[in-house]
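Based on the hints, put chain F in the right spot on chain A.
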Amino acid sequence: MRTYQGDFVIDLPRQTVWEFVMDPQRVGPCVPDLLKLDVESETRFHTLVRVGVGPVRGKFNLTVEVAVTEPEESAELSVRGGGMGSRVDMKAKLNLSDTESGGTKLDWRCDAAISGPIASLGGRMIDNEARKITEKLFANLREALSSVSEQVAATSTETAEPESTD
Amino acid sequence: MAVRQTELRPLGKSVGRKEDPRFIRGKGRYIDDIVLPGMLYMCLVRSPYAHARIKSIDTSEAMQAPGVKLVITGEDLAAMNLAWMPTMANDQQMVLATGKVLYQYQEVAAVIAETREQAVDAAQLVYVDYEPLPVVVDPFKALEPDAPILREDREQKSNLIFHWEAGDKEATEELFRNAPVVVKQDVRFPRVHPSPLEPCGCIADYNTATGKLTWYVTSQAPHAHRTVLSLVSGLPEHQIRVISPDVGGGFGNKVPVYPGYVCAVVASLKLGRPVKWIETRTENTTSTGFARDYHMTAEIAAEEDGRVLALRVKTIADHGAFDAAADPSKFPAGLFSIVTGSYDFKEAFVEVDGVYTNKAPGGVAYRCSFRVTEAAYLIERVMDVLARRVGVDPAELRKRNFIRKEQFPYKSPTGWTYDSGDYEKTLALALEKIGYEELRKEQAEKRARGELMGIGISTFTEVVGAGPSHTFDIMGIKMFDSAQIRVHPTGKVIARLGVRHQGQGHETTFAQIIAQELGLSTDDVIVEEGDTDTAPYGLGTYASRSTPTAGGAAALCARRIREKAKKIAAHLLEVGEEDVVFDGVAFSAKGLASRTVTMKDIAFAAYTNVPEGMEPGLEATYYYDPPNLTFPHGAYIAVVDIDKGTGAVKVRRFLAVDDCGTVINPMIVEGQVHGGLTEGFAIAFMQDIPFDEDGNCLATNWMDYLVPTALDTPKWETDRTVTPSPHHPIGAKGVGESPNVGSPAAFVNAVVDALAPLGVEHIDMPIYPWKVWKILREHGVTE
Chain A
1 MRTYQGDFVI DLPRQTVWEF VMDPQRVGPC VPDLLKLDVE SETRFHTLVR
51 VGVGPVRGKF NLTVEVAVTE PEESAELSVR GGGMGSRVDM KAKLNLSDTE
101 SGGTKLDWRC DAAISGPIAS LGGRMIDNEA RKITEKLFAN LREALSSVSE
151 QVAATSTETA EPESTD
Chain F
1 MAVRQTELRP LGKSVGRKED PRFIRGKGRY IDDIVLPGML YMCLVRSPYA
51 HARIKSIDTS EAMQAPGVKL VITGEDLAAM NLAWMPTMAN DQQMVLATGK
101 VLYQYQEVAA VIAETREQAV DAAQLVYVDY EPLPVVVDPF KALEPDAPIL
151 REDREQKSNL IFHWEAGDKE ATEELFRNAP VVVKQDVRFP RVHPSPLEPC
201 GCIADYNTAT GKLTWYVTSQ APHAHRTVLS LVSGLPEHQI RVISPDVGGG
251 FGNKVPVYPG YVCAVVASLK LGRPVKWIET RTENTTSTGF ARDYHMTAEI
301 AAEEDGRVLA LRVKTIADHG AFDAAADPSK FPAGLFSIVT GSYDFKEAFV
351 EVDGVYTNKA PGGVAYRCSF RVTEAAYLIE RVMDVLARRV GVDPAELRKR
401 NFIRKEQFPY KSPTGWTYDS GDYEKTLALA LEKIGYEELR KEQAEKRARG
451 ELMGIGISTF TEVVGAGPSH TFDIMGIKMF DSAQIRVHPT GKVIARLGVR
501 HQGQGHETTF AQIIAQELGL STDDVIVEEG DTDTAPYGLG TYASRSTPTA
551 GGAAALCARR IREKAKKIAA HLLEVGEEDV VFDGVAFSAK GLASRTVTMK
601 DIAFAAYTNV PEGMEPGLEA TYYYDPPNLT FPHGAYIAVV DIDKGTGAVK
651 VRRFLAVDDC GTVINPMIVE GQVHGGLTEG FAIAFMQDIP FDEDGNCLAT
701 NWMDYLVPTA LDTPKWETDR TVTPSPHHPI GAKGVGESPN VGSPAAFVNA
751 VVDALAPLGV EHIDMPIYPW KVWKILREHG VTE
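In order, the protein sequences belong to chains A and F.
Okay, so the first sequence: first residue is 1 according to the UniProt record's numbering, each after it adds one.
Okay, so the second sequence: first residue is 1 according to the UniProt record's numbering, each after it adds one.
The shape of chain A in the complex, shown without the other chains (with noise of 0.2 Å):
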């Protein structure tokens, strides 16, 4: 089990991140490498992506699902699929606050079990390429962001040191 967490601020109402954060065919496409992207319903989405983790490349077929905890406040995210022989089983916690300037702080946490060739080939590269992908990740939602609102503050992201890895 991997662990991976951050948090960035968006100079955005909470309400306002959250209708956002909550519509899959608007966070959808801010997952890096999208290739296709099917909505089966508001809670549960379909994802094609493209994943590369050294000599491992391939397309992976995840399902999304999303169960909201706190409306507006927190929710949790369930993803989990796979491809090439490998299975990724993610369970990821989004959480916002608001700020004293009244934008909007969103905490993530993301626990990764990985199984499969990745896991096992990718040992080393993997935590570099999950920070790459989280990092890519936000940068699109901040981009899709301030398309809703030009204004966005400095958002900071960070991966933390895996949990255990031998």
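Be a bit skeptical, because a hint or two may be false.
[Unchecked claim] Cβ pair distances, simulated, as ranges:
id : chain 1 : residue 1 : chain 2 : residue 2 : range
1  : F       : Asp58     : A       : Lys91     : 21 to 31 Å
2  : F       : Arg154    : A       : Thr63     : 30 to 40 Å
3  : A       : Lys91     : F       : Val120    : 30 to 40 Å
Keep in mind that the hints were calculated from the coordinates and are not lab data.
A quick note: this is a predicted structure, and the numbers were derived from the prediction, not measured.
The beta-carbon is built from N, C-alpha and C at its ideal position, and this holds for glycine as well.
Positioned in the frame of chain A, the structure of chain F alone reads:
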């Protein structure tokens, strides 16, 4: 042209290897070189999870993919009663997973298509819905009462596979109670992999018209594989032909039957076309025959002067998800009870617990007679711990404890009868040749300067030549071996044997034995192995058993021919049979050396001019069931220097003195020793197959699982003593695995010896530089 006398007595000479011209020129014929008309290709779908329930498998999209002919799942096999297959250790193993998967890379489905690429692509389209289950990777945790039960198919609801004991527990305890000195050490032999250059593979070719299945397979034991295939598939044995072509290295990896083999056979039976399956490197490393994975604890009770009294060993053996360990039926932990080694222990008691975990199954005897490597490593390591404790030089401690020459045949406290040996002589030669005294002086000077130099000794006893059928069988098939020799009219010989070499040089070695016995040149003898339609039934090549068993069969078979030859010689020489003598080169009439006939003359006569009433022809078959195992031994010494800045260990010198009894071809023996030492070196310093807590295998290829190159490999020095086996027809004992069995302890002993001034008593293999570096830093050594 007259043949030189030396060529007619080839035994003990470095005859050039008959097989080399074809290997060196790339003319070998390996499984993947074979292409049959209409052949299909198979690719296996493997589990990404180490433990998960299979909720469903959707093969519909894969079936629609270009070129796909068939997709097989566990359910399909279940319908044919083939979902499970017996393992060599009296367990059963899933061919394709049904219900749940038990280790990462487990076989879940097989896709068969027109081309290899199509099969690989379509395998991506088999969708398996898994529900992950708790994973058990630590065998100690697997034994805890609340551990998840991995094997639901077993009656016994626990992860314990077996508990096995050898030796006398009470007598051992008694000696421990009163012993002046007791040492104890935990020793781990990591999970390693034989990694042959050629991975496993096969082509199953079922002919729908004749009903005959021809199975080309990378096999160390083609006859045993045929019998197993017949028992499992229901096809009669005479309708199965197993051909093991050139095999690019076995080392135990090609002894078991793997699920891929079964799937290829099923696919060929269903489709009526040849089906080829060749593993990738990753598949080979992750899912076929690993080795070792023993967690051992040894205690020695001794006198104050280091004389040993008793040995107590407790071992946890991690067998993975199925007990597919390659061991003789009677010995669930193989020959591990040889653990008293070269030393005259009064008593010993050995316990081994086999345990299921979520790892790939199939513990094989990797260049090892069924766990003797673990045993030799353990005892040689712990003897050094004892030497340090009682303050006796490790060479001296060994001398004090050796089984003496006059004690042979020696009955060990765990029940083995050693045939012969001269341990003192072998160690004395090794010490002298390496200059032990001077090295110890040099070490003392270096230590005074703060440098780290170590000398490691291993004086091991091997046990090879499995086996006498009264004690040894695999799945009920008694272990013996066979030879069939046919002398043609011009004196040329085709010999067929029941073993199957994977590069060991059988074609030369056995030709030498046969040529020697018949008074022919090795050029006159062709040795063929590996085709069950032509070779006599044999149990195969592994555990250094070829020369002790098939070599015995070859010699005795040739002697059978010589008996008949003698009768024909008497007829040709016109004397009575009792007046015919054979001097190793020709037959002559007693007292009349000028009247001689050669084997060539006799061979011609056997087809043209036999005495009246004699059956023409000159051929024989011999099934040799050895009376006992053979016990080669050796004394190995490693000299290492450790770099204080990096922790890197440099093996400065390594001397291996082996005693494998009669030597048939010194060059081949030396080659075997070089190869085995290189593997032992890799095990000591580079190799391990670790798993993370989710059961992900973390060494799946040669990037993570290191194989030494010529650059890494130290220069080997070798020498030998010769103590023939008293019961073997030519006194040969076997050598192939000795260097792999004996060397890891010498390496580790040398490193521990170098670090002893810091108080280090033991380091587990593999000794990576970072491990040493950490120890150095912990002890305040910096540079």
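Structure-based check of all given hints:
Look at Asp58 of chain F against Lys91 of chain A: about 25 Å separates their beta carbons, and that is inside 21 to 31 Å. Distance hint check: the CB atoms of Arg154 of chain F and Thr63 of chain A are about 35 Å apart, consistent with the given range 30 to 40 Å. In this structure, Lys91 of chain A and Val120 of chain F meet the distance hint of 30 to 40 Å, their C-beta atoms being roughly 32 Å apart.
When held up to the earlier numbered hints, the structure conflicts with none and fits them all.
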